[in-house]
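There are 4 protein chains.
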Amino acid sequence: MTRTSPEPVAEEAELAELYADLARQGLVPLWTIREGLMPTEPTPRAKPALWRWDELLPLAARAAELVAVGRGGERRAISLANPGLGGPPYATPTLWAAIQYLGPREAAPSHRHSQSAFRFVLEGEGVWTVVDGDPVAMRAGDLLLTPGWCFHGHRNVTDRPMAWLDGLDIPFVAQMDQGFFEYGPAAPEDAGTPPRSRSERLWGQAGLAPVAALGAPAPLASPLVAYRAERIDEALAAQLALEDEGHPGVLEPGHAAVRVTNPATGADALPTIRLEFHRLRPGASTPWHRSSASAVWQVTAGSGTAEVASRSMTLGRGDLLAVPSWAELRFLAGTGGLNLFCFSDAPVFERLGLLRQGTRAGGSTR
Amino acid sequence: MTRTSPEPVAEEAELAELYADLARQGLVPLWTIREGLMPTEPTPRAKPALWRWDELLPLAARAAELVAVGRGGERRAISLANPGLGGPPYATPTLWAAIQYLGPREAAPSHRHSQSAFRFVLEGEGVWTVVDGDPVAMRAGDLLLTPGWCFHGHRNVTDRPMAWLDGLDIPFVAQMDQGFFEYGPAAPEDAGTPPRSRSERLWGQAGLAPVAALGAPAPLASPLVAYRAERIDEALAAQLALEDEGHPGVLEPGHAAVRVTNPATGADALPTIRLEFHRLRPGASTPWHRSSASAVWQVTAGSGTAEVASRSMTLGRGDLLAVPSWAELRFLAGTGGLNLFCFSDAPVFERLGLLRQGTRAGGSTR
Amino acid sequence: MTRTSPEPVAEEAELAELYADLARQGLVPLWTIREGLMPTEPTPRAKPALWRWDELLPLAARAAELVAVGRGGERRAISLANPGLGGPPYATPTLWAAIQYLGPREAAPSHRHSQSAFRFVLEGEGVWTVVDGDPVAMRAGDLLLTPGWCFHGHRNVTDRPMAWLDGLDIPFVAQMDQGFFEYGPAAPEDAGTPPRSRSERLWGQAGLAPVAALGAPAPLASPLVAYRAERIDEALAAQLALEDEGHPGVLEPGHAAVRVTNPATGADALPTIRLEFHRLRPGASTPWHRSSASAVWQVTAGSGTAEVASRSMTLGRGDLLAVPSWAELRFLAGTGGLNLFCFSDAPVFERLGLLRQGTRAGGSTR
Amino acid sequence: MTRTSPEPVAEEAELAELYADLARQGLVPLWTIREGLMPTEPTPRAKPALWRWDELLPLAARAAELVAVGRGGERRAISLANPGLGGPPYATPTLWAAIQYLGPREAAPSHRHSQSAFRFVLEGEGVWTVVDGDPVAMRAGDLLLTPGWCFHGHRNVTDRPMAWLDGLDIPFVAQMDQGFFEYGPAAPEDAGTPPRSRSERLWGQAGLAPVAALGAPAPLASPLVAYRAERIDEALAAQLALEDEGHPGVLEPGHAAVRVTNPATGADALPTIRLEFHRLRPGASTPWHRSSASAVWQVTAGSGTAEVASRSMTLGRGDLLAVPSWAELRFLAGTGGLNLFCFSDAPVFERLGLLRQGTRAGGSTR
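Residue numbers (the UniProt record's numbering), protein chains in the order written: chain A, 1 to 366; chain B, 1 to 366; chain E, 1 to 366; chain F, 1 to 366.
This is chain A alone, in the form it adopts within the complex (with noise of 0.2 Å):
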């Protein structure tokens, strides 16, 4: 509908005087921006973005080439700025999206902040990220999490450089005012390379929990921070087979998903930041669907095409997509399937009732 309102009964020159009063006193009338300030649902700046990760590897091993890793800059990382939000280093409102690149040898500074953050491993191994003095082998496929004020640096024990991607509630945080950051060591205190961290040895055993752990308050944050290619694989893959079989698991016909989850509350893993890993069979696709939170999708295996809202994008192995709130979204998987992984910030919207998952046909559900 149109604006009709509200009727000026005046001259229009006092109601400019009043409005230079008004600005003059550092208030604005709402009458005037309401629907823009308001909408009838979100109308996101950030728009649908895609990155590929052939072209962020050859700036990444560049960047090595030129600045080196230390303390103050803290990580070589280069993150994606959503265009629609000119400017700032934000994939979404809320998220940060980067790729990390450590060359041969070279270590991370350890720090800690109160952003939540996680690291997935496209390809590649030979780093461990230690968490709170727990090294943590990162390889392909794996997914890692150092919760809010953990401290964590990390360190590539090879001769090969080795990238992955690391996702934060960075932009949540700063536009919130709730950062803190501290410094740790200029080096990971912890220079072993176990094959599985403690945190897994622990709390790695679906439903068996360390019985020293239960007397404390479950933790916000997941205590398991490694979550492994070959148990994602194993969950997903079994959701397919159960449907070949006749039995429920998968969210839809032809597509698997499983979510990362603190196994001390069955809660997200992390408090402000959502981890599932998709997969579609090969030719399938998923309905068209809507959600007020933002996400960033990252394509793990496979091929195939993202259609957001009126735009189509065909997805290679590495890619980045950037799907702002509201926006309708879904993928066709190419002849090999499609695997998917994907971060939001539902958690925090979920916990306040604000979250609303729609239809193309733009009906929503609360």
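Keep in mind the hints are simulated off the structure, nothing from the lab. It should be emphasised that the depicted structure is a prediction, and the values quoted were computed from it without experimental measurement. There's no promise every hint is true.
Not everything, but these chain A residues come out facing chain F in the computed CB check (under 10 Å) [to be verified]:
no.: 1; residue: D134
no.: 2; residue: G207
no.: 3; residue: L208
no.: 4; residue: A212
no.: 5; residue: S222
no.: 6; residue: A235
no.: 7; residue: A241
no.: 8; residue: E252
no.: 9; residue: R259
no.: 10; residue: P263
no.: 11; residue: E276
Positions of the beta carbon are idealized from the N, C-alpha and C atoms, including for glycine.
Chains B, E and F: place on chain A using the hints.
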């Protein structure tokens, strides 16, 4: 500490070329912005700011002469724009605070939105706010809620104008792209003017819940939408009386405080906004305190001084003070004591494990 | 169905010898007792039972002439023993109901126990129950709590005797071996007789919580320990008035009901006992209902009929009705209406996913 | 202290007459029974008791020769009757423990009940328990759940008999009148013998939940119904290895312990039964401990000694020990170490705020 790194190992020219290529791809190198993006502690752009009721009210009255209330603009509300935020009508990065004004016999149309809202009445009476069809009287000292997605409109049934404070999570919802809005009837559905709302009649007795409402999951927002001046006063007075009698109850010596809660859950009455009333004895003062939550305070009675960061501001009745995240704050009551209403975004960050409290020393507790 | 098995494939003699050997080892074969042990639906030993206030009160008065109140016996309380349970002072397998009686100027010593307790006052006044040092006036129609492990004693400050209903979870705690008990002062600590307890002054306003109490985890039992007759009456009357006005509120046509809750959590005021007040309009009746919870009902005003299973019982003021698990129950109000107080063990089983509700048809919902 | 009161102020005759009148009315005077009814600390009738696997197994085998398994009796299960409880098949006032035995090719019919159940397999294999149509292999060292109201039957597909431990909350549910029971097919629905159940395939990866299952409210009982020997062993071994490496993980020096949890909530896998596995190093011992929960322990491997109250009992593989509420308990491992499985009623009382832990000194913590 000053940034010592990354040590450029390259010709400036090559580096410049890399940064240009990154910019071209919509990419940002973390190491050039890390310290600004992830500060040691919050560095809000918002500034402590004070607005005088004596100045707000006449401006609102002037607007009433020049601008009608109607569909589209929806409300005659004039909002506080924090000087640090450079324009948008945000008192803090998450909170909206405005003075709303209705002339004699005026009505504001009905609508609903995902934003949570409340009205606090400094003075006057004669308006009924109709919440999902339930007419709720607004009188001096009352706090009224319009939880997210409840239809609401306002009607002045008297021959005198009335003004009050509107508080919402508009800035949070807008920046997070969570806003949904829907028009309702052009005038509030129910023209009744009962002294007590149906909400109060069902939920207004402490610890007595209607069994009929207990089947469904407890609502995230309070089913009780009116908190009356007399009850708030009685609760605050009781804490100070108990202090006189040597019993616990006050928050600090000479400082009574009550939080507005959802009787169905005991949690904050609104999922995104914490609402509290505070009363300081004559001459009393609060210790220095800082919180990562941002807040807006309004003087409901008495006078005194607010010391925020390095600034000292005298406070009179109705004055509104915006306090950004992590600003050091203390209040000193005048000879007549100091009564304050406060709303903040604390519940959002408390739920996410991000909220921190500290003292001037800067010691922070999580 | 009739039991068709186990088919003895053996000589009776061998079987008898086996059973004897089992018994000798303290072993029991399930197949000989399964149907009794795991019935199709609850088959309580407890029976529907009614006790007349007119008969209880004189007996309590006689006891007052013959037995002093003092340390060891602790209370002059006479408890209802369900005829089906063969002796122990249990109104139902989980609930204790007793009439307690204090003569003029008498006091009952202070003690505490893990059992949760409440007092409901049918008539009279003049006794203060002191809960953790807080004197709580007891008047006709009031409900008073003494949560588990709170010290409590009672003092009659008048020249008239007073009697009331005591309700506890003694049978549950006793059978579950969860009882802890500790003596306090021989007389209640605080001899004050304030009209309102400190508990009410801090927690007595709906939706207004003392900020000082919100740091610690919310208590499982209510910090509000007095629910006053006037407020209960107002809450029930409001539901019926709203029904007259065509608005929701009542539990069923002509049937108002409020549950006593913990204002800090919205859950039941006591973790093991559900407390409710019900009001039926003159001539109204409830539909047939059954619950796996057991309950005790007391008529607080009016009269009527209770139909329990196949029995019909006329109800007068003060009469106490014990209703076992899964008994079909309905109430019919007399010409003056029927007011009831009810306490049950529902919260225990609701928390454990065991509670079921059903209708006479026997349909059960989980 | 000895009971000093009530001081009879009356002729014995009058008192006797009063007590007779009370008894006639089904009434019991508290003061005559208070100390027994509300002891200073739990005084369970149940006694510490030990049953030898070597004696149970032959009796179960004999039963198999004499009694068929079939509809009505339902199971060939022989339950432990605590000697202190005088008859009923209760290992403790809340817990059922039985040895169940299936001969070659035998099947136990399908049924469901509100009671929660589990099977722990000390030795053998070849039986599949079918839980709501999902065949679950039973092998040595495995723990299998049949949550309340899930259909379940058992089928032995081999030519060898198999025996295992059944644990349920039958005594709790029976005394609380919460039992519902329903017959299913005479033979388990699904005759399949897959190595892994569908439940494990969907929920068996730590911290990876099927998104399709996350729409509905999280189930009170675990959707994962099989906890495998290898995983339990790995979890216990990891804690002891971490202790060797100087890291946290064990419950106490030389004492590893894991709790069986619901991966959808992190809470106990069954709402009424806590399930834990413990491992003591050779020669290790636990400190004296007491809990208001009652428990049953089974030795899964190794040997040692249990000291309960004043008794000392040597423990061998398979032996079953019933431990009443508040009994002082400690374990001493033999030279081969001691592995224990434990189930208790702790979750019931923890949820209600009744659970207490203490040491031999008798100090108790709430």
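Consistency of the hints with the structure:
1. Taking 10 Å as the C-beta contact cut-off toward chain F, the hint placing A/D134 at the interface holds, the least distance being around 8 Å.
2. The beta carbon of A/G207 comes within 5 Å of a beta carbon in chain F, closer than 10 Å, and the hint placing it at the interface holds.
3. Hint status for A/L208 relative to chain F: holds, with the closest Cβ pair at about 5 Å, below 10 Å.
4. The interface hint given for A/A212 is met, as the beta carbon of that residue sits about 5 Å from the closest beta carbon of chain F, less than 10 Å.
5. Nearest Cβ of chain F to the Cβ of A/S222: about 6 Å, under the 10 Å cut. The hint holds.
6. A hinted interface residue such as A/A235 counts as satisfied when its beta carbon comes closer than 10 Å to some beta carbon of chain F; here the least separation is about 5 Å, so the hint holds.
7. Residue-level restraint check for A/A241 holds (minimum Cβ-Cβ distance to chain F is 7 Å; threshold 10 Å).
8. Satisfaction of the interface hint for A/E252 is found here, the shortest Cβ-Cβ separation to chain F being roughly 8 Å, below the 10 Å cut-off.
9. Taken as an interface hint, A/R259 checks out: its beta carbon lies about 5 Å from the nearest beta carbon of chain F, inside 10 Å.
10. Hint status for A/P263: holds, given a least beta-carbon distance of 5 Å to chain F, under 10 Å.
11. For the restraint placing A/E276 at the interface with chain F, the shortest Cβ-Cβ distance is roughly 6 Å, inside the 10 Å limit, so the hint holds.
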